[in-house]
Structure formats: structure tokens, C-alpha cells
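If you're matching them up, the sequences are chains W and V in order.
So for the first sequence, this note's numbering puts the first residue at 32; every next one is plus one.
So for the second sequence, this note's numbering puts the first residue at 284; every next one is plus one.
Fair warning: there could be bad hints in the mix.
If the Cβ cut is set under 8 Å, some of the chain W residues that face chain V in the computed set are [stated by the list, open to error]:
1. ARG136
2. ARG168
3. VAL303
To be clear, the hints were calculated from the coordinates, so they are not data collected in a lab.
We put the beta carbon where it would ideally sit given N, CA and C, even for glycine.
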Amino acid sequence: MTPARRRGRLRRIVNGALRRPGPLLVPAGGWLLLFFALPLAIMAAYSVMPRGTYGGVDPGFTLEHYARFFDPLYLSMLQRTTVTALVCTAICLLLGYPVAYAIARAGPRKNLLLLLVVLPFWSSFLVRTFAMIFLLRDSGFINGLLLRLGLIDAPLTLLYTPFAVMVGLVYTFLPFMILPVYASLERLDPSLLEAGAVLGARPAARFRRIVLPLSMPGVVAGCLLVFVPALGSFIPSDLLGGAKHMLIGNLVQNQFTAARNWPFGSAASFVVMLAVLLGVLLYLRQRDRMPGGTV
Amino acid sequence: MSGRLPRWLGVVVAGVYLFLHLPLLVLIAFSFNESRFSAAWTGFTLEWYRRLLEREDILLGLRNSLIVGLTTTALATLGGTLLALALARHRFRGRRVAESLLYVPLVTPEIVVGISLLSLFAAVRISLGLGTIIVAHVAFCLSFVTVVVRARLADMDSALEEAALTLGADELSVFRRVTLPQLAPGIAAGALLAFILSFDDYVITSLVAGSGSSTLPVVVYGMVRRTIEPTVNAISTIVLVVTAVLIYLADRLSRGYAR
Numbered sequence: 032m033t034p035a036r037r038r039g040r041l042r043r044i045v046n047g048a049l050r051r052p053g054p055l056l057v058p059a060g061g062w063l064l065l066f067f068a069l070p071l072a073i074m075a076a077y078s079v080m081p082r083g084t085y086g087g088v089d090p091g092f093t094l095e096h097y098a099r100f101f102d103p104l105y106l107s108m109l110q111r112t113t114v115t116a117l118v119c120t121a122i123c124l125l126l127g128y129p130v131a132y133a134i135a136r137a138g139p140r141k142n143l144l145l146l147l148v149v150l151p152f153w154s155s156f157l158v159r160t161f162a163m164i165f166l167l168r169d170s171g172f173i174n175g176l177l178l179r180l181g182l183i184d185a186p187l188t189l190l191y192t193p194f195a196v197m198v199g200l201v202y203t204f205l206p207f208m209i210l211p212v213y214a215s216l217e218r219l220d221p222s223l224l225e226a227g228a229v230l231g232a233r234p235a236a237r238f239r240r241i242v243l244p245l246s247m248p249g250v251v252a253g254c255l256l257v258f259v260p261a262l263g264s265f266i267p268s269d270l271l272g273g274a275k276h277m278l279i280g281n282l283v284q285n286q287f288t289a290a291r292n293w294p295f296g297s298a299a300s301f302v303v304m305l306a307v308l309l310g311v312l313l314y315l316r317q318r319d320r321m322p323g324g325t326v
Numbered sequence: 284m285s286g287r288l289p290r291w292l293g294v295v296v297a298g299v300y301l302f303l304h305l306p307l308l309v310l311i312a313f314s315f316n317e318s319r320f321s322a323a324w325t326g327f328t329l330e331w332y333r334r335l336l337e338r339e340d341i342l343l344g345l346r347n348s349l350i351v352g353l354t355t356t357a358l359a360t361l362g363g364t365l366l367a368l369a370l371a372r373h374r375f376r377g378r379r380v381a382e383s384l385l386y387v388p389l390v391t392p393e394i395v396v397g398i399s400l401l402s403l404f405a406a407v408r409i410s411l412g413l414g415t416i417i418v419a420h421v422a423f424c425l426s427f428v429t430v431v432v433r434a435r436l437a438d439m440d441s442a443l444e445e446a447a448l449t450l451g452a453d454e455l456s457v458f459r460r461v462t463l464p465q466l467a468p469g470i471a472a473g474a475l476l477a478f479i480l481s482f483d484d485y486v487i488t489s490l491v492a493g494s495g496s497s498t499l500p501v502v503v504y505g506m507v508r509r510t511i512e513p514t515v516n517a518i519s520t521i522v523l524v525v526t527a528v529l530i531y532l533a534d535r536l537s538r539g540y541a542r
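Bound conformation, chain V alone (with noise of 0.2 Å):
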């Protein structure tokens, strides 16, 4: 379909585009606004950002949320990759029922999982912490991965595989050598999302950590709860900018292999 939209139609889209859009750009352009009060532009500084060295909870939380998205990212797209060959190279009983199950994690509102977590934490009596942390993150991470790198299980062609194997390879020179090289793109896909969805979770994170162990967006949740000082856009314009980047490379790993 092409052609000519019309014109109250081109509006509408504009309108949309710029909803979806000035928020974050407004955000981002006053993280470098001297006033820490007004709404009106009074200079340019970068004093927000320097103060940002200077809190150690937001300092602490970074240092938490790069520990459990990294252990959350290796786990995660370890377990999923190898489901994901299962459910893609190997038929099994149930196989179906698994692939249907496996979407149950996407939906499952974050709030359900979170208590449901602190539930289970609760009962057998383990105390909340980065490890309690790691544990939920990888649980809600394994489903992305898994779903990720079976769509590009799916695209690839099984039959050199199956040469490879013919021609007397075995089963673990067929996977570094075959199936590792095609399947990279995907799995570097699957692991950078596992780890933004980790790096920006705050839902179930919030449930389920313990004293001490909040990451990033816990402590700015507590930051835009008690008051809106310029430090949250420009610590918010860090994390835009390093998702866009993440999402990016993401997006050219997965691209770059169906060309």
C-alpha cells in the first residue's frame, strides 16, 4: 500500500509521533537546565550530572543492577538457549504444551510474579537479597531469551546440521561449528534483551529485595516519589541513552543475520 494520506489523517500521525516523543526529549533537554525549580530554560549546566557521582545510593544501586543484569544475562540466556534448541531440534512429548506454556511468563502481570516470588521466599524462609533478586530476574528473563532464539532456530536450515552429522561430525563439533556460528546473532539479541528487561526492572525487584540490595530503579523510584530534583533527568537520560544503544545493537545483531 502507498499513496497520499489525507490530510486531517497526516495530523492525527504527527500528533501521535510528537506524544510519543516530546516527554523524553523535554526530559532529557531539562537534565541539563541550571534552575533546579523552574520550568522555563535558564542556562546550560552540567552540574546535575556531577552531583550525580556524589550519591552513593544512586552509586550503590548501579553497582547492584550491573551485578544482577550481568549474572541475570549469563544465566538467562544460557537456560534459554538451550531450551530453545529443544524445543526447535528434538521432538518430544508435550513439546506443544511447552511452546504455549512458555508465553505465560510475557503476560503474567510483573506484579504477580513479584509476589508470588515473595511468597515462595517467605515460606521456605530465605532472606531477601541480590541472590532473591538474580533468582526472579532470571525466572522472567528465560522466556524472552527462549522465545528470541527459537525464531531464529526457526529461520535456520536444519539440513547442515543433519550433513554434518551424515558426514560423521559429532554432536558437539555440529553445534560450535554449524549451528553456534548461524545461531550468534540470536543469542547476542536475546542476551542484551534479558539484560535491559533486567537493568529496568522495578516491579518485581522492589518485592522481592531486600535492605541494601535495591538497584537503580529502585532507588530512583524512591527519588520521583518524595520529590522531582533535575539529578532524575539527568541520571534518566543516562539510562535512555545506554537502552538506546542496547536496543540498537540489538536490533542490527537480529537483523544482520536474516539479511
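So that you can see chain W by itself, here it is in the shape it has in the complex (with noise of 0.2 Å):
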């Protein structure tokens, strides 16, 4: 074959890749079901086999690393990473609302008030997170500047604690809250505002009656974007909280390194990425029932 005819051979293959989806679907679609979905079909798999005797797992079926987050122990974690990841969301909210709010009546600085907001939220999470340490510290920045001043004698322990895992966590998220929540208020109508006005409403029964139930899809969507991955986080709890504080996210990653039970890390695992899935079909039913809305 001459390499005139081999070039348009090549030309015909991939004119006919380019004509239907499926070659273009392979590449991705093949990688996709072979290393995200079969590892996350082998984890489901390894939460119900008994544990084996050298780490890994043994044959065989078995319910029991279920039933032991029935154990007081796991309760109690269960309930401080839901309850933690519910503080946070709602701390997001309350700070993040009034920021989103803001940033939709800021006129011209609009762009650059979201791209304060943006570049954090885009910085490395392990910076992120070690910037936190280093300001609180008990030599860190916060202590020294208190202590400087005399306002207090001795360092404050502010690392390690719950107080830590909760800030790491908001900063971490707040940017979730604001921008889905800046993209409803964005898309609210000044004119509903200027009629509420003329029709008597004062600021804050505007605020109330129009804004607020307007801009619930966004609240809706900035909850859940929240309390979805802090439900799962791991580096917060894990730099700032110290062993006490743990959450499930730490669990599940202590099974698989130090505890060496994978079963038990896989059912962790598995309950925790239910709990996601639950979180994304409400999320896309809210998305779903507002109009061109997606964040």
C-alpha cells in the first residue's frame, strides 16, 4: 500500500469514529466503568465479606460490619459528623448569604467582589487548611498578636479542638453557599423589588416576602453542596481536630491504613456515599423544578 492510500485508509477510520458516538464514547466511558464504577462494585462487594486474617478479606457473606455502627462508639461518630456537617452548612448560610446578597447589589465591582471569592475556593485545600494551623496555633498568629497585646496571658488552645475542624470547614466551603446563592439572587428581577416598594412593602418586608422565597433554589443548592462533600471531608478533621475528632471520613481511611479492616472501612465507605447519592437526586430535583438553573 502506498502511504497516500494508507493516510486515506486512516482518513476513512476516522471519519467513521467521528460519525457515531460510540468510538467517541469508549475512551472515557471504558475508563470510567472500569476504575471508578467496578472499585466502587468491589468496595459494596467487601463491605459484606468477613474480614480476612492478614488484613483484606476472606470469602464468604456477612452483615456484621453494618450492625457495628450500631455499636455506641460508631453512633456517636455518625451523629458528630452529621451534626457537624449540619453546623457547618448552616454557619455557611448565615455568613454566606449576606456576602451573596452583596455581591448581586454590588453594581460594577460584581466581578471582582466573585473573584475574591473565587480564588480561595480554587487554592490548593492542603494550603488552605495549613494556613489555618499556622494562624491557630498555640505559637501561631492569633496567640501572638493576642498575646502582644495583652489580652490574654498564656496561649489559648485553639489547635486540635472541635472549634479548629469547624473553622477549617467553613472556610473551606463557604464559597459552595455563595455562589450558587449569588446565582439565584442574580437572576432576581429588580423590577418585583421596585413594584414591592411603590406598593407600600418597607425593606425588610421586601427582603422577606420577595427576595428570600425567590432566592430559596440557590439556599437549597448551596445547602447541599455544603453538607454533601462535608459530610465526607477528611483533611479538616484530620489537621485540625487531632484523634478525638474524628468523623467518618477519618474512620473509613484509618480502617484501610492503620485498623487494616477493610470490610468495616468499605461499609463506612458505602454508607457514606449513600448518603451523597441521596444528596445529589435532591439536589437535581431542586435543579430540575427551577428554570435554566444550574450552578
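Dock chain to chain to rebuild the complex, using the hints, since each chain is given by itself in its own frame.
In C-alpha cells, the structure reads:
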């Protein structure tokens, strides 16, 4: 075959591949099936198999790993994780809503204010958590400042407390709240507010009866976008909380590294995964109900 | 909406912006501080940056991160772009389901992705190393690239492509001369996103990395857990600046197209 004919054949093959969806789907679809779906299936299988003597699993079927969650130790951990994620969501809403509101009303400075929210959001997760350690530790920036101002005599214990974990989580997830709430406030038609004002509603009433209800899709999206990842978070509690403030993410990691109880770790992981999928289903239903709204 | 905000609201907003930025600014400032332990400013130095160059573990981590990041970016961008094309330009059974499933990797906690991959690698007895890290990174970057490229394709007018086909161009020419030039900013934005995600990942990498294949975040994580030294501030500052530049580029590219 001459080079020209070979190129012609190659061209026909490429043309054929571009004409149908199959060849375009296969590389990424295959990768995701092999290295995303299959691993999850294996994890699910591990979670109902007996623990192996030397780590790993033994063949068989058992529900003992799920039963272990009813142990008071793990029940309290599940509860702590849920409460932590809920409180984090509430704080993010309380802090994030005013910011989203201010950005939506900022006029020409809007883009700059938005960029300033997105910038830390995109910076390295690890670096942000390290920045928190640097501020909160005994010889850190905050204690140093307070000592020098004479406000305290001895450093406050800020790091390795539930407080530090919460600050780290809020610091990490706050932009997830601000952005969707901003998106829904941005779409709000200003003439509705003018109409409210003309009809005699005071600013507080206009906010409560017009702005707040219309921004609810953004609020729901934001709450889910904070709650779901907070539930499965690992780094803030690991680096800022110390061993006493483990969340379920740390439990999973611990079972796969130090404790070497893979089936129990898989079961814990599966519980997190189910909670996350539930959250996503709620989010998608909410999004489909709100016209043109993607965040 | 515009107009004046109540004063108390202004204070809350300013406080949140301070909360978002002060930690990083302090971190950066103290990477230039002379004192090793003090939380007080003692003088300007570049010592900590110089010391980075002597740390073999950091340099090896950086090398591994770059190998993993670049390979991941190439594979995820290629696969993600093709998948986006299939979803945006073809009708087939299960397309809507496929589009919904695409969001699952975006929201799955990293710890779940990490341990499930570790289970797979253990089940088929693949030894851990740079290869397993790349496999894992491509798996979680693919969806991000696809979503970004898919969004660009949705904004593009497919009538141009149809016109070119009608006028007798074959599929390859249409792709090269019509689709690709319009799509390039979206592909570039997706590629930068993939690189940033890969370069920044700790949780998944730490689970599927073998000995000697630690990436930069894994090395830094170990340093942070042991002790806080200003070299960590220095490497963090570098990572921050590099990611900020990449984000800025990705943003410019995706907007440059939209306008």
C-alpha cells in the first residue's frame, strides 16, 4: 500500500469514528467503568465479606460490619459527623447569604468581588488547611497577636479542637454556599422589588417576602453543596482536629491504613456514598424544578 | 439589583472577605520571615525558599507531581473531549442517563474514590506506584473535563458543522476546521482544570501511592503533620501562585470564547 492510500484508509477510519457515538464514548466510558464503577462495586462487595486474617477479606457473606455501626462508639461518630456537617452548613448559610446578597447588589464591582470569593476556593485544599494551622496553633499568628496586645497571658488552645475543625470546614466550603445563592439572587428581577416598594412594602418586608423566597433554589443548592462534601470530608478533621475529633471520613481512612479492617472501612465508605447520592438526587430534583438554573 | 447596603451588612461582608483571605496572606507573608519559630515578624529573608532546593523529598515529590499531572491532563483531556462530543453531538440510547451519571464522580467523596480504587488494585494484585496514581487521577478528572467541554459545545452553534458537512467536507475536516477552533478554549480550560485537580490531590493519591511515588501534596502533608516550619510556608506560597496563574488562564480562556 502506498503512503497516500494508507493515509486515505486512516482518514476513512477516523471519519467513521467521528460519525458514530460509540467510538467517542469508549475511551472515557470504559475508563470510568473500569476505574470508577468497578472499584465501587468491589468496595460494596468487600463490605459484606468477612475480614481476612492478614488484612484484606475472606470469601463469604456477613452483615456484621454494618451491624457494628450500632455500637455506641460508631453511632456517636455518625452522629458527630452529621451534626458537624449540619452546623457547618448553617454557619456557611449565615455568613454566605449576606455576601452573595452584597455581590448581587454591587454593580460594577461585582466581578472583582466574585473573583475574590473564587480565588481561595480554587487554591490548594491542603494549603488552605495549613494556613489555618498557622493561624490557630499555640505559637501561631492569633495567639501571638493576642499575647502582644496583652489580652491574654498564656496561649489559648485553638488547634486540635472541634472549634478548629469547624473553622477549617467553614473556611473550605463557604464559597460553595456563596456561589449558588449569588446565582439565584443575580437572576432576581429588580422590577419586583420596585413594585414592592411602590406598593408600600418596607425594606425588611421586601426582603422577607420577595428576595428570600426567590433565592430559595440557590439556598437549597448551596446547603447541599456544603453538607454533602462536609459529610465525607477528611483533611480538616485529620489535620485540625487530632485523634479525638474523628469524623466518618477519618474512620474510613483509618480502617484502610492503621486498623487494616477493609470490610468495615468499606461498609463505612458505602454509608457515606449512599448519603452523598441521596443528596445529589435531592439537588437534581431541585435543579430541574428551577427554570434555567444550573450552578 | 443595586443600591446601598445597611451598614451592619457591610461589616459582615467585610468580615467574611477578611476570613477568606487573611489566612492565606499571613501564610505568604511568613514565608519571608527570618525567625523559624516566632509568630512575630523579625525580618525579611529568602532562606526558606533556598532550603527548598536542598530538600530531596520535595524535589522528588515535585517531579512525581509533574509526571502524574501532565500524563493525567493529556489522557483526561483526550477522553473527556471525545465523551463531551458524543454527548453533545450524537443521539443514542441512554444518553440522558449517561449525562446524569457523569455527575456522580464530581460529588463522590475523595476518600471513597481512594479506598475503592485501593480495593480494586489489591483484588487484581497491581503494585502501587506512579501508574496507579495516574489511573486514579484520570478517573476523577475525566468528569470535570467532560462537563467543561460539554458546556462549551452546548454554547456553540452546530449549524456551522452541519453546513460544512452539507458542503461536502468529511468528518475529520469538519472537526479540524470548524469544531476544534471554536472548542479549543473549552478544551484548554478543561485541561488546566485537570492539571490543577491532579496537582492538588492528597486524599486519593495518599491511598494509591506506593513507596517512592509520593507526590508533592503527600510530601507536604507529612511535613505539616510533623512540624510547622517556614519551608512549608514557602512551598505553599509557590503552589498558591502557580494555581492562581493557572486559574486566571483557565478563566480567561473560557470567557474569551464566551464573549
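Hints, verified against the model:
{"no.": "1", "hint": "ARG136", "verdict": "holds, 5 Å"}
{"no.": "2", "hint": "ARG168", "verdict": "holds, 7 Å"}
{"no.": "3", "hint": "VAL303", "verdict": "holds, 6 Å"}
Comparing the model with each numbered hint stated earlier shows that all of them hold.
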